[in-house]
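Visitor: If you're matching them up, the sequences are chains P, F and H in order. First residue of the first sequence? That's 1 in this note's numbering, and the numbers climb one at a time after it. First residue of the second sequence? That's 115 in this note's numbering, and the numbers climb one at a time after it. First residue of the third sequence? That's 602 in this note's numbering, and the numbers climb one at a time after it.
Note that these hints are calculated values from the structure, not bench results. Backbone N, C-alpha and C fix where the C-beta goes; we use that ideal spot for every residue, glycine too. Watch out, some of these pointers could steer you wrong.
[Stated by the list, open to error] BS3-like, lysine-lysine: derived pairs with alpha carbons at most 25 Å apart: (1) P:K111 with H:K1048; (2) H:K1077 with H:K1059; (3) F:K399 with F:K374; (4) H:K717 with H:K681; (5) H:K993 with H:K944; (6) H:K944 with H:K990; (7) H:K766 with H:K904; (8) H:K717 with H:K773; (9) H:K732 with H:K766; (10) F:K226 with P:K111; (11) H:K1059 with H:K1048; (12) H:K681 with P:K111; (13) H:K732 with F:K449; (14) H:K944 with H:K960; (15) P:K111 with H:K732.
[Claimed, not checked] Restraint-style ranges between C-beta atoms, simulated for each label pair: (16) F:R454 with P:S87: 28 to 38 Å; (17) H:D708 with F:P360: 50 to 60 Å; (18) H:A906 with F:A508: 29 to 39 Å; (19) P:S87 with H:V716: 43 to 53 Å.
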Amino acid sequence: MYDFALVFSLRHARREPPMALTREQIASIATLARLDLTSSEVPVYQDSLSRILDFVGALDRAQTTDVAPMSHPLAGLSQRLRPDVVSEQDRHEQYQANAPQVAAGLYLVPKVIE
Amino acid sequence: MSGWHTDTLTQLAAGLRARKFSSVELVRALLARIDASQATLNAFISVTREQALSDAAAADRALAAGSAGALTGVPIAHKDIFCTQGVRTTCGSRMLDNFVSPYDATVVARLKAAGAVMLGKTNMDEFAMGSSSETSFYGPVRNPWNPQLVPGGSSGGSAAAVAARLVPGATATDTGGSIRQPAALCGITGIKPTYGRVSRYGMIAFASSLDQGGVLTATAADAALVLREMAGFDANDSTSVDTPVPDYVAALEQPLAGLKVGLLREFFDQGLDAHNEQRVREALKVYEQLGARLTEVSLPNLPLSVPAYYVVAPAECSSNLARFDGVRFGYRCEKPRDLRDLYSRSRGEGFGAEVKRRIMTGTYVLSAGYYDAYYLKAQRVRQLINADFTRAFASVDVLMGPTTPTPAFAIGAKTSDPITMYLNDIYTIGANLAGLPAVSIPCGFVQGLPVGLQIVGPHFSEARVLSAAHAFQRVTDWHTRVPQGYA
Amino acid sequence: MSAWETVIGLEIHAQLATRSKIFSGSATAYGAPPNAQASLVDLGYPGVLPVLNAEAVRMAVKLGLAINARIAGTSVFARKNYFYPDLPKGYQISQYEQPIVAAGALDIVLDDGEVKRIGITRAHLEEDAGKSLHEGLPGVTGIDLNRAGTPLVEIVSEPHLRSAKEAVAYMKKVHTLVRYLEICDGNMQEGSFRCDANVSVRRSGAQQLGTRAEIKNLNSFRFVERAINYEVARQIEILESGGAVVQETRLYDPDRGETRSMRSKEEANDYRYFPDPDLLPVVLDQAFIEQVRATLPELPDQKAARFASQYGLSAYDAGVLTGSRELAAYYEDVVRELPREPKLAANWVMGELAAALNKENLEVGSGRLPAARLAGLLRRICDQTISGKIAKEVFETMWSEGASADAVIDAQGLRQITDTAAIERVIDEVMARNPAQLAEYRAGKDKLFGFFVGQVMKATAGKANPAQLNELLRAKLA
């Protein structure tokens, strides 16, 4: 197998070992993303996320002062506006056929405490 | 049974129009091939037999009445990322195992309107995240050239189905190479159009600023025919571009002589398998003989495309996949204790490992304190890469190079290290970041496995890119090769 | 001077009065059956995409122009990511770094008549969330997504407000403005117009802002006032007892009249904003902005100034009469009929009419008493057909029976007596019947003048012209 550095003769400027994410960091990312991880999954993601972050750290090499971020591949296009017309009908029964739990037209979730 | 299945999609469409055979006959024959292949290839998640037969019968009536469209009666398959009304649409995920779409994706609706008959939904990497079609909830897809190998991904089901001649064409999507890489690994033709050329409405989003629908077929001429019907402005997609769709089929025969071809220096580096490189160089010689003028060009920032992609794509995916929460559709865990538990377990159990990895990566790079260093930085690098392409296209008409560094690899070979897997898309990702049209066509074999040549053009140059691919296929026969056992 | 200074900033959410939602073709009407107005886009179904409603953009620009703000040539929609059941996509489409409306300002009038300028940091477009329903659902919460995707403009003020009263005055000002602009129906019970209040206190004279609490979802002026007053007292009490205010989201409980911490928002949110890749930048050229500017109505402040100068009204009266576009239009309809009596018209519109409307909880535009009809009544006062006192009785009959002034006057024989001879005849009779009082008056008891006026009015059932009566009576009694 080849590795990234070999492929593009690209070597990280910094040679210290990759920054490793802690278990706590993985847990807090998983909480933010609402992903329940098993205890065996945590070290797996700890390892792979650390490696991915190290890998994408190569971006630091690029000189990007005065370069605008590009969020769309088609520069110069602008948002089209839709006329204010009601075009949708009530289809809640059809749409709710996919819902795990409904009653009286409402989607149900465990009690939310505000 | 006649040799229909080895006919190209263009030939089948013509045969149907000429009433040489019926759509029902053709559909029956291909459904039988799908059934026979399923245990080996696992290319399909759903086969829509009844609907296909009734649509084929309707197509035959339209053909008899002389009211046929460009694709009337032509069997196709849809990647299971496209929503199909009344048909299960899973995106290769447990999360959507029970999801029946109440609407058709625009691509599906357009191909239906053109008369195409859907035979089923093809297998894929879960939520299109992968380069090997191994992350599907429905098991890995296998490469028809060697079932021990991956077909590439994420559109591996569509690619395997076309390569094994189960269908003459199948829709696919490409976020970082998911059309071109499996096309290369399966020895077929695949086009990823310009971003905005094909509507994304109804195509389940992975990374919205990179996703683009396209098609996999045996030949460039077939791709031109299907793309002509798929493409075009859609008011339901704000990023769809309102410019007319040229007749890609009519443009196929435009002369190639004088075409300025740029060879990407960065694509012919140490990472490229030597045999692959040889096949690609031979293909470039063919182009030279056809009158193309080859020059070397450099895109200095292109090496950063993979790291930029693995920030941008996970960031967008982490947000796009937040809607899968077990409330309105999709998987819901058993007996949630409370709302938090409902979310976390439904998502934790409903998503597979690679999807979770990308959601977490994306969540991290967007979170407070890291946004500038990762997300914004990657979007700036994206700008640099885009500028590199723009500069290159000022002096050449198209860019050519390998589609992948190596031919198909073994199932399981790269699943342990995500970075190794991500590097499969090293030559394809640039076109996604810049939104460019690109095709992959078969250009030879290495140890019995197909190799792909990639052709990238400037925005909206699909006609140019397809005609260049077609010119090659007129003088070569790699695209006619069918894996053993499927001929 | 108090030892503590209150600092308040408001984030006002106004639902835009579009027919369809901001990113889908669903209706926005209030009160539909649950989820009947939730389309695939509103539900965040897999594969669907947002398309921006032109009218929502126009309305936001209208607001921006009305507060003298700069309209952004390019604005960008971003995703605000968080999980909540009323937020179907797991993110809210909002504007973050590049809002459509940049800094502007509004003037409010304080109790002492002083005018205070309140800075508006920005106003941006976003989509509303759905609703969570708890009642009648044991152990579960029901989600209705009809409101999800309704266009909102969020108007963010600078922390320039120094009391609950100022906050209410500012909110009322914005309320008046959005209704003038016809971009929001202003219905607070239905949640069309609501606000979050950022409240903090600091020692008087301190430069640095105190830690703030954000009180969510206040949907009446009274609640805003009470919630802020409660919160200010709570924070001062904490600080005076040596504690520290916690930065948090709080909810106002109108039944208990207090604010409490919101458990559901307890954890620190990391919204992970980033530009929404499904939407392109909104680019507005000067021509579009000028086109919207041309549709701007006369604004409340402009109208009030004009009323004061054109009709000679006090600043207060002009302010009241321009409190809504409908009221101002009604007043001007009345004045158009009686161009020489703007003050009389003002008194009647703000007095009898306002009281009658209030009593029945009606809007001025209800059509219960058309302006022309009120003008008809006032005309009879001016031409001395009836007195002002009789007019009030006539008004009541007109109000309850929907009749014209003349019909009521004729039917009840209320026409004023202006015939000098007739009035003199009555005066003579009254004098003859009350010799003792006459003698007392003539002996210097001036107060008895009123007695004679009363007697004559009684004899004429109040119809004697008061001015004439005064004059004639004075002459006769002398």
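Visitor: Take the hints in turn and mark each one as holding or not.
Guide: For each hint, the structure was consulted:
no., hint, result
1, P:K111 with H:K1048, "76 Å, violated"
2, H:K1077 with H:K1059, "18 Å, holds"
3, F:K399 with F:K374, "13 Å, holds"
4, H:K717 with H:K681, "34 Å, violated"
5, H:K993 with H:K944, "17 Å, holds"
6, H:K944 with H:K990, "17 Å, holds"
7, H:K766 with H:K904, "24 Å, holds"
8, H:K717 with H:K773, "14 Å, holds"
9, H:K732 with H:K766, "30 Å, violated"
10, F:K226 with P:K111, "44 Å, violated"
11, H:K1059 with H:K1048, "18 Å, holds"
12, H:K681 with P:K111, "24 Å, holds"
13, H:K732 with F:K449, "23 Å, holds"
14, H:K944 with H:K960, "23 Å, holds"
15, P:K111 with H:K732, "13 Å, holds"
16, F:R454 with P:S87: 28 to 38 Å, "37 Å, holds"
17, H:D708 with F:P360: 50 to 60 Å, "58 Å, holds"
18, H:A906 with F:A508: 29 to 39 Å, "60 Å, violated"
19, P:S87 with H:V716: 43 to 53 Å, "46 Å, holds"
The structure is inconsistent with the numbered hints 1, 4, 9, 10, 18, although it conforms to all the rest.
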